[in-house]
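S.K.: Given the coordinates of chain A, assemble chain B onto it according to the supplied hints.
Protein chains in written order, with my numbering: chain A, 28 to 420; chain B, 28 to 420.
Note that these hints are calculated values from the structure, not bench results. Quick caveat: nothing in here was measured; it's all calculated off a predicted structure. Do not take every clue at face value.
Stated by the list, open to error - These stretches of chain B come out as covered by chain A in the derived footprint (C-beta under 8 Å, 3 or more residues):
#1 82-92
#2 107-115
#3 119-131
#4 330-338
#5 343-355
Unchecked claim - Okay, the calculated beta carbon distance ranges per label pair:
#6 R322(B) with T145(A): 45 to 51 Å
#7 R328(A) with A263(B): 44 to 50 Å
#8 T324(A) with V307(B): 31 to 37 Å
#9 T145(A) with A384(B): 57 to 63 Å
#10 P219(A) with G64(B): 51 to 57 Å
#11 E403(B) with T315(A): 46 to 52 Å
#12 Q196(B) with T324(A): 53 to 59 Å
#13 G159(A) with K289(B): 35 to 41 Å
#14 F266(B) with A163(A): 58 to 64 Å
Unchecked claim - Non-contacting residues of chain B with respect to chain A, defined by C-beta distances greater than 10 Å in every case (computed):
#15 D52
#16 V74
#17 D149
#18 V151
#19 H156
#20 Q196
#21 P274
#22 P277
#23 A278
#24 V307
#25 G401
For glycine and all other residues, C-beta sits at the position ideal for the given N, C-alpha and C.
2 protein chains.
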Amino acid sequence: MNHEPQALAPLQPVGASFELLARDDQARRGLLHTAHGAVNTPAFMPVGTAATVKAMLPGSVAATGTEIVLANTYHLMLRPGAERVAALGGLHRFMNWDRPLLTDSGGFQVMSLAGLRTLGEDGVVFKSHLDGSLHALGPERSVEIQELLDTDIAMCFDECTPFPATREQAETSMLLSMRWAERSRARFRPRPGRGLFGIVQGGVYLDLRARSVMALTKIGFEGYAIGGLAVGEGQAAMFQVVEQTAPLLPAEQPRYLMGVGKPDDLVGAVMRGIDLFDCVLPTRSGRTGQAFTRRGTLNMRNARHGGDDRPIDDGCDCPACRGYSRAYIHHLIRAQEILGVMLLTWHNLHYYQALMAGLRAAIEGGRMAEFAAGFEAEQGLGDIPSLADRSTG
Amino acid sequence: MNHEPQALAPLQPVGASFELLARDDQARRGLLHTAHGAVNTPAFMPVGTAATVKAMLPGSVAATGTEIVLANTYHLMLRPGAERVAALGGLHRFMNWDRPLLTDSGGFQVMSLAGLRTLGEDGVVFKSHLDGSLHALGPERSVEIQELLDTDIAMCFDECTPFPATREQAETSMLLSMRWAERSRARFRPRPGRGLFGIVQGGVYLDLRARSVMALTKIGFEGYAIGGLAVGEGQAAMFQVVEQTAPLLPAEQPRYLMGVGKPDDLVGAVMRGIDLFDCVLPTRSGRTGQAFTRRGTLNMRNARHGGDDRPIDDGCDCPACRGYSRAYIHHLIRAQEILGVMLLTWHNLHYYQALMAGLRAAIEGGRMAEFAAGFEAEQGLGDIPSLADRSTG
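In isolation and in its complexed conformation, chain A is listed as follows:
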């Protein structure tokens, strides 16, 4: 007889986990715990496609209130390459971002950016949009790449069902994604504070969405995304899918609406139970001269701003609004100066993160409905009245 205490079975590493702090109707206030710290949800993830949130230093990204950044597997596998990032110590160190990272699976970009692809049971063969070279990507390689990047949250490889799609197309596509989800899970190696999220597909067909949820929850993931939306179906259809699908997902795990969206999309989706978002809109709009404000979106190229010495939004305390006039930002955008992109990107991310902070506080305070009504009313006001152009030139 062995007198030593029986050896305990090795503890399963605790993956990324979710803590639900408060609810207001369907809206949820939570904390996503990862290997690189916690994320307050509902959270917006700026997109750092090529290992950089465009035109922002990482310290500035953090200063906007951002706690998690999304990076793209497709772009990084092509340049600089996943093995190179791994040899350089992983994506956090490479891009000097020590907070949580989420990587997508590459599936969406392969379908939308790459050329001449063949799709089969094992994945996709595609041509790089950079140099035309051939690459393969499937569930195992996608998860392997995300592991090489050392991401906190990896996503299952899936097919983003196009819109419109017939019911049969959507079903076939969804079932393929579910088989890939199983293969992604099998390839994923659990590590402390890391997680793999499954992605619900099924187009706008609610019963397909429900079957997809069942398939994924049977496999089991650290979180669940709703994919295949914001692809042209319109906000009403998107909200309907979210409203019907979110309640089917496990309450104790985070829910991520991929590729969404405009400010009012975020407010509406949070009210329908979503915890995580990503979208290129605030950063891309910064590069095209758009500024998001409480009173709607401004086009800073517009001549009405040329002589206006007021900030974009006098209630905003981002560096662009504290230090610079509309006239100056208008000038920078007209002159195609990089500083214009830097300031507008910062402002837009600040706006998005302030909106998320407002949503979180509203849920905590049980006044989500009032917050949403106030948001909508203020957006409807439109921009402050124009100044007469003071310039004599």
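M.R.: Frame of chain A, contents of chain B only:
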């Protein structure tokens, strides 16, 4: 009889002034006092062409050690317009830079950038490079524009004599610039802490340079620039002109070598008595992937940096060198990411300003010659040996 004390004649406002703190042979250590603070000389002025040092927030420009920025009259008169900048509170407020500013006269850019110009005794008529519109610029309007911009240091309108030029061409051009200098001085309205600098011309003809100095010092300015160099004559010819011309200038006033230059140009010109410099090189090079270092210039696009986890310069404490590897910056430049331009511009300005700080300390310590020898030896070393590329990708 009037028992009241006799009214004093109104005090002449004290313009921008120069304080000579130390000398080492011809090299000078000084302070240029302006309405927006003092500038430690020898000083390097980054170029903020269109009211922005490209890809840099003003706070970051200051963090490099920059105390004065140059802005371009030609660009600003065309966009957004001098009257508009004045209506918006002047250039400092417009670009959120509360330290000293120097503006050029527009003369150089009119000759190099604008189209279809006619040159006469009163100035130049030219076509805007932006929209082809016709504009006139001469000594009076140039000084007026610089006053509207509310600059600390204005420059006389001059013709930058092309290289090569015959003796006769150089003389005719220089004499025109001297007449314009007189008209610029007449139009300039003295204000406290503001100054107008004259510009020595004369090409590579030393006697013409001497005559130009005599003409300018007879008029009298708050400082003197040597113009018409770094236009193709080569470093040896440039140094000869500087060496022969600088000692003719008043010792108690600042000397500015316009449009110069490479790091070794700065060291050589400081040894020959120059106090102020401006050049687009550190900022423009940042946009083309070049990094200045103690051991010479690196091309960050080069594949040798692709797997290199070391900073650009491990002795540099700029944000680019403290937070990022050569591999990452290489990746950003290859991917044409704005952050690559931001980091390299910051690094290059930091390098230039650290070089100027080193020169100032060397002059104070009476070891300028050793500093120059050490600088040259280190530049000659070339880059640190390449790492084997650790990537398996």
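S.K.: Any of the earlier hints contradicted here, and which numbers?
M.R.: none
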